[in-house]
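With the hints as extra help, turn the sequences into a complete structure.
Residues per chain, in single letters:
There are 2 protein chains.
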Amino acid sequence: MITKKKNQLKDIQITSEFWNQYRELIVKEVLPYQWEVMNDSADISITHEPGGNEEHQEHSHAIQNLEIAAGLKEGAHNGYTFQDTDVYKWLEAAAYSLTYHPDKELRKITDRLIDLIAQAQEDDGYLVSFFQIEAPDRKFARLKQSHELYTMGHYIEAAVAYFEVTGNQKALSIAVKMADCMLKHFGPGADQIPGYDGHPEIELALARLYELTEESNYLDLAHFFIDQRGQDDFFDRQIAADGLDRDVIDGMRNFPLSYYQAAEPVRQQETAEGHAVRVVYLCAGMAQVARLTGDKSLLETCRRFWNNIVHQKMYITGGIGSTNIGESFTGNYDLPNDTMYGETCASVGMVFFAREMLKLETKGEYADVLEKQLFNGIISGISLDGTHFFYVNPLQADPDISAHNPSRNHVLTHRAEWFGCACCPSNVARLIASVDQYIYAVKEDVILSHQFISNQATFENGVTIQQESNFPWEGTINYKVENTSDESCILGIRIPQWSQKNARLSINGEMQDYQLNDGFIYLEAVPGTTSIELLLDMSIKKYQSNTNVVYNFGKVAIQRGPLVYCLEEADQEKSVWKYSLASDEPLDYRFESELLGGLGVIYAAAKTPEEEKEPSLYHEYIPKKWKDAKIKLIPYYAWANREEGNMAVWLDQEKN
Amino acid sequence: MITKKKNQLKDIQITSEFWNQYRELIVKEVLPYQWEVMNDSADISITHEPGGNEEHQEHSHAIQNLEIAAGLKEGAHNGYTFQDTDVYKWLEAAAYSLTYHPDKELRKITDRLIDLIAQAQEDDGYLVSFFQIEAPDRKFARLKQSHELYTMGHYIEAAVAYFEVTGNQKALSIAVKMADCMLKHFGPGADQIPGYDGHPEIELALARLYELTEESNYLDLAHFFIDQRGQDDFFDRQIAADGLDRDVIDGMRNFPLSYYQAAEPVRQQETAEGHAVRVVYLCAGMAQVARLTGDKSLLETCRRFWNNIVHQKMYITGGIGSTNIGESFTGNYDLPNDTMYGETCASVGMVFFAREMLKLETKGEYADVLEKQLFNGIISGISLDGTHFFYVNPLQADPDISAHNPSRNHVLTHRAEWFGCACCPSNVARLIASVDQYIYAVKEDVILSHQFISNQATFENGVTIQQESNFPWEGTINYKVENTSDESCILGIRIPQWSQKNARLSINGEMQDYQLNDGFIYLEAVPGTTSIELLLDMSIKKYQSNTNVVYNFGKVAIQRGPLVYCLEEADQEKSVWKYSLASDEPLDYRFESELLGGLGVIYAAAKTPEEEKEPSLYHEYIPKKWKDAKIKLIPYYAWANREEGNMAVWLDQEKN
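Protein sequence lines, in the order shown, are assigned to chains A and B. In terms of my numbering, the first sequence opens at residue 1080 and continues consecutively. In terms of my numbering, the second sequence opens at residue 1080 and continues consecutively.
Derived by calculation from the structure, the hints in this document are not laboratory data. Treat the hints with caution; some may be incorrect.
If several chains are the same, the list does not tell them apart, and a pair holds so long as it fits within one copy or across any two.
[As the list claims (entries may be wrong)] Quick list of in silico lysine-lysine cross-link-like pairs, DSS-like style, CA-CA up to 25 Å:
| hint | residue 1 | residue 2 |
| --- | --- | --- |
| 1 | Lys1621 | Lys1692 |
| 2 | Lys1442 | Lys1692 |
| 3 | Lys1375 | Lys1580 |
| 4 | Lys1653 | Lys1522 |
| 5 | Lys1706 | Lys1621 |
| 6 | Lys1522 | Lys1375 |
| 7 | Lys1692 | Lys1263 |
| 8 | Lys1692 | Lys1620 |
| 9 | Lys1256 | Lys1187 |
| 10 | Lys1375 | Lys1442 |
| 11 | Lys1152 | Lys1375 |
Following this line, the structure appears as structure tokens:
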């Protein structure tokens, strides 16, 4: 039984200009565009995974698949077994958008969509259009590849959101029926399936449904899925029974069990291995279940995964997944910039994981990573016009190389209109539309303000917080805390890792000393009004990698506030790798309101070799004649919104 | 009708200590070892291509396949459709070895092998054991994948060599029957196949057979194969007729036509594309046919391919093929050091191509590249013990990364005992065993001495040349030319590109000025004895890449004479990338007779960061505290003969 904490967040409005631009984009461009795409009425070109096994269909078919399953149309299923999830993630994004932008027309569409989904659902609660249309006798028979629980999990997530926003009971009933269908089919019972889905997701979805409904069976089933994972040869037994050659997704059968985080029980796994999105979805679910059940060893497992990912396997932009092969993690410190993956969905999943860890433990690092993802790895996944998307988010790219080198042609240098496997576009949409849920964490007696996204928030205990800033461009953060109760309240404010050497705090106009407690400072908000001003360190910083990262040795990356910067060919005279950052010259920040919708750029002094005739591919070294040059860096998230060109995050520094 | 040039090479003995070590290794270790492996009597572990489609058989089966085809055994074929070629390339290597190391026991084995091959051959001349055993109704029906002409081509090459060395007529007759079989089946006639093999090789083999037999039909057929390539949809038509899903090598059907150099006629191809070994085998055949037919446009095509490969697509070690995916070329200047291929066979093929171009045109560059391959990319393919082999020859490697990153796990950091696709081991063996054929090129009235491999050679015109040196360790090359005729003879000596700024020549003890003519100096060897001393520039040189090579920008490679050097972890205290070469300190060469069988190493001053605690993956840049270090470089060919570790050819230079 969950009882609402008395200081629970009651209402929040985002006032951040930076984020409201994105949130308006979701309403005005992203949702209508994606709806059209899923209804096959947009004139777009679909980008397919190079060398992938997907059928190269020219449309999404996602809505049509549901219509066929509902008996409203006839025809074959098209797309992946999890094609329905595009619709559900879109629905979830739409639900969040209704909180800040109520829209009757959209509400009509989404209510009708709920009706369609209800019609498509079978009486026993099952709903995966692929299996209903193409293989009704093979339901839950091949979970290594089928994505059935993954697919229904995404509906459950959407339904929880949609119910919470609109009160639509039908939406929730569908989810409850799905969960009940799973309760019937999965578990340790004699007639039940003792297994789990190849793609984790259902764990966090069931935990979410439990938090809404307080039906403990859902939490228990999530717990069961986590515990059962990797215990035995469940996948192989199922496939042997279903028929070895009857793959539902070509090529996946031979992926190693580690790809599925099923090589051994999760509590025994020392490192994050396999498909990065699966890992972080699983971690988010594990953290949620650990919190809700008090399962200490599961929390320990979450910490172990977190540490391995964050301290050994994460790009400075937050990207995770060092290889496109299996969209997977590789070894510790193996962070190639040009052959990497860094899937947008993996950054989204990492945000889920970070938020859940922050609910478990008050540790600044969780919020630091959450911020890193929000301001870099996630919004790099969507173009500034809202209709083009990155699946892969590289730290080094070149159009010619991507065009001609198959080890690198998964790296696009332009965002795509849509993908054959279109998991990322709606994922980034639902994250941006719900960014208000990633600003505060509420503990027993503490309100943690861990992200600098201007907002006005009201809490159940009568406290309202107004946070104002021009972040991420400026570092002055003003809080106005109104405590209408007669008790003091503790407010924890995160000092980001990048500002910990130099942050200034004043309360009611008076400068304050403060102590950092694992990344947070704690203040007492007495009854009445408290004004807090935080000055974050917005100096431009150079970062370097651990020397174990071969790819970045001797290189630096530029960061200002939370934003990682990159060098894009569009702003330079030459290819980006031909510049070496001058060692001791100051870096110059300017906000350019005309550029790319308005953003802060960094000008830097650099050296570049004088143009010389280079007759041969190799020639005897002579110290280059370097000339002075000026380079211009833009925030990483904004690259690839102009003409195609090369790009790099890690830069050489001036040499002798 | 070919007439022997009067100054043709009559006899040659290698006296080079460096090469004789390798050639003795061929006799004492390589040939016996490979014979055992092919007879499935060696206790070895076979390395399979990661992610490849090959069946993971545990033995070679190569001899057994022939025995089954010959009716001496029963059973299934094992291995690739071209498994027979392992035997043929071994036979060719054995043939060459008999020229410098006559061995009755070996001769018995090879003669018996010829008997076996004769028994396996069908009456009409066809011999590809896979199709005879597994698919006798599908001969020549699927040439895009079948490798049938490739396979018989390798036999023809072996037979020409074996006949030339031993006079074994039966060996030659088998080859003639094979060629006649092809003449019957292939050509423009109504009942003939208007196509060619997916893997070029037969072109050069038929040209070789023509040069031996003077049967012009063979040359014409080679010419036909070249002209026909890429003209139409031959491959697709064949596959449609044979059955789309009846692949003989999984996965190859969907490779693009450019992989097969069949996207358009070769004379229209502007760049070298696709599978690198196929490209250079095709080029060698084209150059040979161009020379033998006087086909000028074919020569122009060869020049175009040469220039694209050598000036845009070749590693400094001679390696070619920038990606493992399709073992292929990628774009111009795209030369990644860690995800590359650089197949040993491609270097072997490039040597064939270079030799043929040198026969066509007296241009030092052809011999420079030939030398680069011989001393680097080829001998790196075989261990110093003769029983371990590289398929892939990277310029940067790390065992941990290869183990955990599937974009890099084709890069071994130890040589393998054998491969599932074992093309390289016998290819490197036949090249080393025949290195005496790559030292002189004889033109109408000129003897070109283009490689510095000590030897004693006798020419048809009565000239003998004794070349003595301790190359590649020392650069003093002494020639003693005895001209027993009464006419002067012109001797062309190549000055390697790396020595062109600083080479000294004396004739009969007197220093001489000389002019370089496209890489060669020309001397008159008057009747009697002429002593020539050439002093090559053996200073240690740093090389840099063209600035268009993103991967090497700001880095240098070390070369001394023809040998490219590398930094191997076994010789350093830390991982190799943690060193930056000191900019201005001298590099120190020493011959170390105890190390790795004796070789010249280079000691260099370097800087390395002081060991510091690095708690996080990324941290704010502070100029590193560099300390002085000494690094030791070894010749590239000798790496991976000790404990496994990381290795790099391109090195950072000291930074501010």
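Going through the hints against the structure:
1. Lys1621 with Lys1692: between (33 Å within a copy, 19 Å between copies)
2. Lys1442 with Lys1692: Between copies only: 22 Å across chains, 55 Å inside a chain, cut-off 25 Å.
3. Lys1375 with Lys1580: neither (34 Å within a copy, 72 Å between copies)
4. Lys1653 with Lys1522: Intra 52 Å, inter 46 Å, cutoff 25 Å: neither.
5. Lys1706 with Lys1621: For lysine 1706 and lysine 1621, both the intra-copy (22 Å) and inter-copy (22 Å) Cα distances are at most 25 Å.
6. Lys1522 with Lys1375: Answer is within; shortest intra-copy Cα gap is 18 Å, inter-copy 83 Å.
7. Lys1692 with Lys1263: neither (74 Å within a copy, 53 Å between copies)
8. Lys1692 with Lys1620: Answer is between; shortest inter-copy Cα gap is 20 Å, intra-copy 36 Å.
9. Lys1256 with Lys1187: within (23 Å within a copy, 79 Å between copies)
10. Lys1375 with Lys1442: within (17 Å within a copy, 74 Å between copies)
11. Lys1152 with Lys1375: This pair counts as neither: shortest intra-copy Cα distance 50 Å, inter-copy 64 Å.
The structure shown violates the earlier hints numbered 3, 4, 7, 11.
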